[in-house]
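Each protein sequence line maps, in turn, to chains W and U.
Residue numbering for the first sequence is 1 to 259, as defined by full-length UniProt numbering.
Residue numbering for the second sequence is 1 to 275, as defined by full-length UniProt numbering.
Just so you know, the hints here were simulated from the structure itself, not pulled from any lab data.
Just so we're clear, the structure is a prediction, and the values are computed from it rather than from any experiment.
Be a bit skeptical, because a hint or two may be false.
[To be verified] Beyond 12 angstroms from chain U on every Cβ pair, some chain W residues (computed):
1) Ser-7
2) Tyr-8
3) Asn-199
4) Pro-210
[To be verified] Some chain U residues near chain W, calculated using beta-carbon distances under 7 angstroms:
5) Phe-2
6) Ala-109
7) Ala-113
8) Ile-217
9) Leu-263
[Stated by the list, open to error] Far from chain W, by Cβ distances over 12 angstroms, these chain U residues were calculated:
10) Pro-89
11) Met-170
12) Phe-190
C-beta atoms are modelled at their ideal positions from N, C-alpha and C, and glycine is treated no differently.
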Amino acid sequence: MSSRLFSYATLSVVLLFLLGPFVIIVAAALSAGETLAFPPQGLSLKWVIKVFEVESFRASFALSMFLAIFGTLAALVLGVPVAYAASRYKLPFGETIRTIVSAPIIVPGIIVGLALLRYLVLPLDVSVGLALFIAHTALILPYAVRVVSASLDNLRSDIEEAAVLLGSSRIATFFRIVLPNIQNGILAAFILGFVTSFNQVPVSLFLSGPGVRTLPIDMIWYMEITYDPSVAALAALLAFLSISIVFLAERFLGFSRYV
Amino acid sequence: MFQNRMEALALALPAALFAAFVFLVPVFILLSEGFRAEGAWTLAPYVDFFDSELNRTVFWRTLKLGAIVTAVSAVIGYATAWSIVTLPPTARGRMIGLVVMPLMISPVARTYAWIVILGRTGFVNQTLVGLGIADSPIRFLFTETAVFIGLLQLFLPLMILSLISALENMPKDAVPAARVLGANWLQVFFKVILPLTKEGLVIGGTLVFTGSLTAYITPAILGGSKVLMLETLLYQRVTVANDFASASIIAMILMVMSFSANLLLKRLATARNKR
Numbered sequence: 001m002s003s004r005l006f007s008y009a010t011l012s013v014v015l016l017f018l019l020g021p022f023v024i025i026v027a028a029a030l031s032a033g034e035t036l037a038f039p040p041q042g043l044s045l046k047w048v049i050k051v052f053e054v055e056s057f058r059a060s061f062a063l064s065m066f067l068a069i070f071g072t073l074a075a076l077v078l079g080v081p082v083a084y085a086a087s088r089y090k091l092p093f094g095e096t097i098r099t100i101v102s103a104p105i106i107v108p109g110i111i112v113g114l115a116l117l118r119y120l121v122l123p124l125d126v127s128v129g130l131a132l133f134i135a136h137t138a139l140i141l142p143y144a145v146r147v148v149s150a151s152l153d154n155l156r157s158d159i160e161e162a163a164v165l166l167g168s169s170r171i172a173t174f175f176r177i178v179l180p181n182i183q184n185g186i187l188a189a190f191i192l193g194f195v196t197s198f199n200q201v202p203v204s205l206f207l208s209g210p211g212v213r214t215l216p217i218d219m220i221w222y223m224e225i226t227y228d229p230s231v232a233a234l235a236a237l238l239a240f241l242s243i244s245i246v247f248l249a250e251r252f253l254g255f256s257r258y259v
Numbered sequence: 001m002f003q004n005r006m007e008a009l010a011l012a013l014p015a016a017l018f019a020a021f022v023f024l025v026p027v028f029i030l031l032s033e034g035f036r037a038e039g040a041w042t043l044a045p046y047v048d049f050f051d052s053e054l055n056r057t058v059f060w061r062t063l064k065l066g067a068i069v070t071a072v073s074a075v076i077g078y079a080t081a082w083s084i085v086t087l088p089p090t091a092r093g094r095m096i097g098l099v100v101m102p103l104m105i106s107p108v109a110r111t112y113a114w115i116v117i118l119g120r121t122g123f124v125n126q127t128l129v130g131l132g133i134a135d136s137p138i139r140f141l142f143t144e145t146a147v148f149i150g151l152l153q154l155f156l157p158l159m160i161l162s163l164i165s166a167l168e169n170m171p172k173d174a175v176p177a178a179r180v181l182g183a184n185w186l187q188v189f190f191k192v193i194l195p196l197t198k199e200g201l202v203i204g205g206t207l208v209f210t211g212s213l214t215a216y217i218t219p220a221i222l223g224g225s226k227v228l229m230l231e232t233l234l235y236q237r238v239t240v241a242n243d244f245a246s247a248s249i250i251a252m253i254l255m256v257m258s259f260s261a262n263l264l265l266k267r268l269a270t271a272r273n274k275r
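Could you put the whole structure together from the sequences, leaning on the hints where they help?
This is how it looks when you write it as structure tokens:
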């Protein structure tokens, strides 16, 4: 039937368009040639090895990891109580508070970066590193609140009320009953926050200083000065990293239920 | 449901204060800068901004590319989403996985791939020259077409995903019923599918449109300084010209666009919940 044919043709073309470039990056990364080319001139792992030898990549990878891990943790420490207050209490100014904590998702990243540079880093003499940390935390906060709220909404609140009626303190109830029940949601929020922060560019654009540069920004700098395939190798490695994290998360947590 | 309001506020306040002081306040000051000249409140900087032909060109180019990317992704999105929705469940799940996958990959990596494909010594040019179709490499990079291709690849998955959920929520027999009653596929699309999936289209369209307007990496890498968009212009104004007034005006334009799109989304979401 012709509509079957139409479906398969559409899907092949679209998947080729969406995923083909990624295949080409991997091929270019495995090239033995000196410049970026596809098809690759011979096979070699030398550009993949080179990635690990470039000093600035190591430093910016470490910074990006630090921001992704601790920025997400900070966002969770701030975000989980908000989500809890909004779902289990009559929160005064609830709508306003929700709007404020989810605002960072609406504001284009480049504006956040510029605003923090102009009004935090320059006048208050705050270090670029701290400003980056603040920016990444603010950026992840909306995701943390949203994902944790979703898993709190799925958890029946009467068991908490029962615990409180039986004399358990609110804090003990939270740590002994609520937290163990929403741990998958928190993990999902962590993963989403990690990937978002790690791949983030516009926020970090203005917030760079001597020796302080996130990995994606470093990649953009590097590709402006050379045309060798090491950026392709790095891009391929990062893509594998992101995909495997999300794949494992989906496998063990049913990640897509939360996002 | 607990009743203690102070306890609730105490839980919510740290995050709200954090977001307000380190985030909203700096952004508000930055945006207000565009309304100030020599210490007074004025609209003059805006008039000056739009007086420049370069700025106008960049403004319209950003809107135009955003609109084209949205329109094209809607057309491709419907065809793809329909093809996926009609698959058996297991295959459907796998296809959705493949469509989502690019969203997990760093935009830098995804955009960089197009350099390998469209560059002077890239895949396309080697093929064209190798087959004798072109005498010398054609310039694809640093054109609007390159930016368009990059943005489309970046945001198409969002459109496909929201159309998939819209199509899945459509009554199952609507299309077969229309077909049985003699409608051709064009009529089925415009009279049945489109009205029933309008919300999904608007949600996907908003995501793609605001995404395209506020993307930085793709225009920076594939457009360079030849094809400036609002975001790359903002960056250039600050780093090259140290011109913070223009930067704040561009920031305001981007904010207004992004904000109105999100407002529209929210409206739609609440309208749907009421039903």
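key: Given as non-interface: Phe-190/U, partner chain W, CB spacing beyond 12 angstroms   = Consistent with the label, Phe-190/U stays out of reach of chain W, its closest Cβ about 17 angstroms off (over 12 angstroms).
ask   = Does the interface hint hold: is Ile-217/U within less than 7 angstroms of chain W, judged Cβ to Cβ?
value = 5 angstroms, holds
inquiry  = Interface hint check: Leu-263/U, Cβ to nearest Cβ on chain W, cutoff 7 angstroms. Holds or violated?
reply    = 9 angstroms, violated
query = Met-170/U: least C-beta distance to chain W exceeds 12 angstroms?
reply = 17 angstroms, holds
inquiry  = A cut-off of 12 angstroms on Cβ-Cβ distance, and Pro-89/U was said to be off the interface with chain W. Does that hold?
reply    = 15 angstroms, holds
request  = Test the statement that Ser-7/W is away from the interface with chain U: the closest C-beta pair must be farther apart than 12 angstroms.
outcome  = At about 4 angstroms from chain U, Ser-7/W fails to clear the 12 angstroms cut-off, so the statement is violated.
request  = Hold the hint about Phe-2/U up to the distance rule: shortest CB distance to chain W must be less than 7 angstroms.
outcome  = 5 angstroms, holds
Assertion that Tyr-8/W lies outside the chain U interface [Cβ separation over 12 angstroms] = 8 angstroms, violated
ask   = Non-interface claim for Asn-199/W: all C-beta distances to chain U beyond 12 angstroms?
value = Non-interface label on Asn-199/W violated, nearest chain U Cβ at 4 angstroms vs cutoff 12 angstroms.
query = When you look at the beta carbon of Pro-210/W, is every beta carbon of chain U farther off than 12 angstroms?
reply = Holds, because the least Cβ-Cβ distance between Pro-210/W and chain U comes to about 16 angstroms, which exceeds 12 angstroms.
task = Classify the hint on Ala-113/U as holds or violated, based on whether any CB of chain W lies nearer than 7 angstroms to its CB.
result = 3 angstroms, holds
request  = With chain W as the partner, please determine if Ala-109/U meets the hint condition of a C-beta pair closer than 7 angstroms.
outcome  = 3 angstroms, holds
This entry does not satisfy hints 1, 2, 3 and 9, going by the numbered hints stated previously.
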